[in-house]
Amino acid sequence: MSTNVTAKSPAPAPAGKGDSTGGDGLLQLMIDGMRRNMRQYGMLIALGLIVVLFAVWTDGDLLLPRNVSNLVLQNSYILILAIGMMLVIIAGHIDLSVGSLTAFVGAVGAVLMVNHDVAWPLAVVLCLLMGAAAGAMQGFFIAYLGIPSFIVTLAGMLTFRGLTEIFLEGQTVGPFPEGLQKVSNGFLPEVGPDTNYHNLTLLLGFAVIAFVVLQEVRDRRRQQEFALEVPPTKLFLLKIVALVAAVLTVTMMLASYKGAPVVLIILGVLVVGFGYVMRNAVIGRHVYAIGGNLPAAKLSGVRDKKVTFLVFLNMGMLAALAGLVFAARFNAASPKAGLNFELEAIAASFIGGASMSGGVGTVLGAIIGGVVLGVLNNGMNLVGVGSDWQQVIKGLVLLAAVGFDVWNKRKVGS
Amino acid sequence: MAGPVLEMRSIVKTFPGVKALSDVSLSVRPGEVHAICGENGAGKSTLMKVLSGVHPHGTYDGDILFEGESCQFKDIRASEQHGIVIIHQELALVPYLSIAENIFLGNERATRGLISWTETLKHATELLRRVGLSDHPDTRVADIGVGKQQLVEIAKALSKKVKLLILDEPTAALNDEDSGKLLDLIRGLKDQGITSIIISHKLNEIEAVADSVTILRDGRSIETLDVKASGTTEDRIISGMVGRDLDHRFPERTPHDAEVGAAPALEIRNWTVHHPIDQQRKVVDDVSIQVRRGEIVGIAGLMGAGRTELAMSVFGRTYGRYASGTVLKDGTEIRTKTVPEAVKHGIAYVTEDRKHYGLNLIDTINRNISLSALGKVAKRGVVDEHEERQVAERFRKSMNIKAPTVFEPVGKLSGGNQQKVVLSKWIFAGPDVLILDEPTRGIDVGAKFEIYTVIDKLAAEGKAVVFISSELPELLGMCDRIYTMAAGRLTGEVPRAEATQEVLMRQMTKDKR
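Sequence order for the protein chains is A and B.
Per our numbering, the first sequence starts with residue 268, numbered consecutively.
Per our numbering, the second sequence starts with residue 10, numbered consecutively.
No lab work stands behind these hints: they were computed from the structure.
There's no promise every hint is true.
Said to hold, decoys possible - Anything over 10 angstroms on all C-beta distances counts as not near chain B; from chain A, calculated: (1) L338; (2) A386; (3) R489; (4) F503; (5) V508; (6) N547.
Unchecked claim - Below 20 angstroms or equal to it, Euclidean Cα-Cα: the simulated EDC-like pairs (lysine to aspartate or glutamate) are: (7) B:K385 with A:D384; (8) A:K573 with B:E128; (9) B:K406 with A:E496; (10) B:K406 with A:D486; (11) B:K411 with A:E496; (12) B:K388 with A:E496; (13) A:K565 with B:D177.
The C-beta atom is built at its ideal place from N, Cα and C for all residues, glycine as well.
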């Protein structure tokens, strides 16, 4: 099989449909590729600038291994929500209830584990089901009864917030079992010889690198197998080097402190999983289709109601996960938990390239958007900017990100 | 005044990466109806946008002279002040405002910011009379048909003291009757001294209404012909547009002899559908039709005849409220209550409104083509992107879709290429029966021929094709049999040999009640 592939591969690759762009074609290709994904690359560059800015401003404190670990822990729940929110927005909807739902599930979890001594793994499963049920209920109203998602989830926002207070009787409930705390706050266990680095994290990092490289190479082979045009070898190598460098940097940074946080692993699995589903699974395509043009999707045989329903069910489940992570991190469920989380998640999605009218966006984009907000938060905390100004600046960043996108589209189009 | 009222000299307009107009000159005599025609992408709409200030002065090269003065419009308002008004293909009316409010939108009859309703009403009534519209000016625009909306647009233009009226494909969405009225109105305006420029794909209209015609091809003005001159025939104009003699506007077809005995691929029996809101009204009334494999069967009818409604209600009941009737595939009754069911039984419906019902304009060519049959490029719910891309590349070649890659957003393609994408999408679904609803609407002559060829090939491969069209010549050129509908009912069935435009038109206007 593999010999067959290599035998065939040289032929279509350089042929390249007789591209007249010879020498400086590489740069041109890079620019073309970036232009097609302007929003995401734009945000990635912006993120890089923000990181450099704060790294300089804080004399490098921002990039201290301890702080990077902290960044992950602090933002994990928003990032989890942003993944789900991105799907909702791609489908052409909005979910305002996730902040309240986060609090509600945290409260239910606390009452189960603290007041009723339910084993934490069981309680986690029950909480996730609960979140899924809440999401499904809202999804039912939106998909099958045709009530606008803005209204349904606004109602949900009020209802779940109220239920949280009723459930907790206005009290803060805690502490959580140690096992769950470890999931939310802990790091991968220490194993093997003392190397000055966290061994398991190193191993994991290397595994990820191997996986990424293997995947890219396999993907390229498959393209050639189908006799499709592939990007030139130089560009391909450049991409791999960039990817490896990025993963390696994060790995070394985390490995030189306490290792990779457990939440990071959970997040990684979610990003890869949802990214894959949205890009490659039939259901993912259907989400893009209903958001992009609902009538056309219906006439193409997409079961739009079912897809919408599932998107909200999924959002509910992710909100439950975020609620558990949040409650366990602060070791208490409080009635005011998760306040404005929905807005942070929505902001992350839009900064990360979602469109108000639906049909556009990627899971990775939501993460980039969330990390931009996270780094801004963290960096401004480090340099001592007050929370009042932090909000002003975050608001302006959101406006600028979407404004840039609109401006860019206008320039390219018409 | 002997000189031209409008002169555009050597207009060049470049967009990033494309030269939309490379050298266009246009000269319009006062009081004439001047047609502009050319294939899609020839630069007609761009030229009119340059003229009306949509593309402001400075973004193009060349000179515009209107009434002898050099013009440098910076926006549409500036051109309107000179009496140049453009009516776009997609009407720009606010559906929930009244006719009168729409006519004076942005130009309100007001004193010190307060609208004078009596004056508004008086002027609106006057303008409506001039365009021959009898509806009350307080009627909501959403409640009148497209034909009348077009007239409202013209009334709006008249309210701005129009001297030069530009109409971009004014009859594209109209039925023959409304088109006729509109053309009469344009002639009437001419008598009132208003000069018109009309962009049209319909050559018979140009012959009927225009005095001269300028032909554009690939961003250049090729020639201006006197329509009334004896040499100017439809074929003459077409050859100018495509740059070659088009002897055959339709592919050679050997008429298909229906195999006697075999059950029809699709049979619809006694199909009745009610209007989705007005449930008393039968939109499709007791219609029975059938189509065999290898056959192309036309459905002719004026707007409101119920053709699209028939097709959509059969295809997953996507229109109206089903009342009664059965669908048979190869002689056995099938359920087509949902779109997936209809698709599973090998039925495909290619919509007449590709932008709203056919394509996800912001998504790429490959993803649009695969959408209705993702299962074919997916294993266990996971799409194989490379196979999908390969499929799309295949269609790009075989259908001659003009795009640099299959990752191009469909919204950036021209109408003809978009239509090829919709067709590819449904051909990829692998149906036995294709219902094509106005498959050549709003696309240029060259692309039309390509689409006819595809349809012909599909029939030759043994697919059953239902061809809904408002253009009688294409039905006559393509179909083995033609059904006619009027007011929701079937009014006739004509075999190819007996079909002429006159016969069909008679049956399409027949009132069976």
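Beyond 10 angstroms from every chain B Cβ - status for N547 (chain A)
violated (5 angstroms)
Are K385 (chain B) and D384 (chain A) close enough, with their CA atoms no more than 20 angstroms apart?
violated (50 angstroms)
Are the Cα atoms of K565 (chain A) and D177 (chain B) separated by 20 angstroms or less?
Between K565 (chain A) and D177 (chain B) the Cα gap is close to 31 angstroms, so the pair fails against 20 angstroms, i.e. violated.
Does E496 (chain A) sit within 20 angstroms of K411 (chain B), going by the straight-line distance between their CA atoms?
holds (17 angstroms)
Would you assess whether F503 (chain A), listed as outside the interface, keeps its beta-carbon beyond 10 angstroms of every beta-carbon in chain B?
holds (15 angstroms)
Would you mind confirming whether the straight-line C-alpha gap from K406 (chain B) to E496 (chain A) stays at or under 20 angstroms?
holds (14 angstroms)
Beyond 10 angstroms from every chain B Cβ - status for L338 (chain A)
holds (33 angstroms)
Can we confirm that no CB of chain B comes within 10 angstroms of the CB of A386 (chain A)?
holds (34 angstroms)
Sort out whether E496 (chain A) lies within 20 angstroms of K388 (chain B), counting only the CA atoms.
violated (23 angstroms)
Please verify whether K573 (chain A) and E128 (chain B) have alpha carbons no more than 20 angstroms apart.
violated (53 angstroms)
Any Cβ of chain B at or closer than 10 angstroms to V508 (chain A), or is the non-interface label fine?
holds (23 angstroms)
Pair hint outcome, K406 (chain B) versus D486 (chain A) [Cα-Cα no greater than 20 angstroms]
Distance ~24 angstroms between K406 (chain B) and D486 (chain A) Cα, so the pair is violated.
In terms of the numbered hints stated before, the structure departs from hints 3, 6, 7, 8, 10, 12, 13, listed from lowest to highest.
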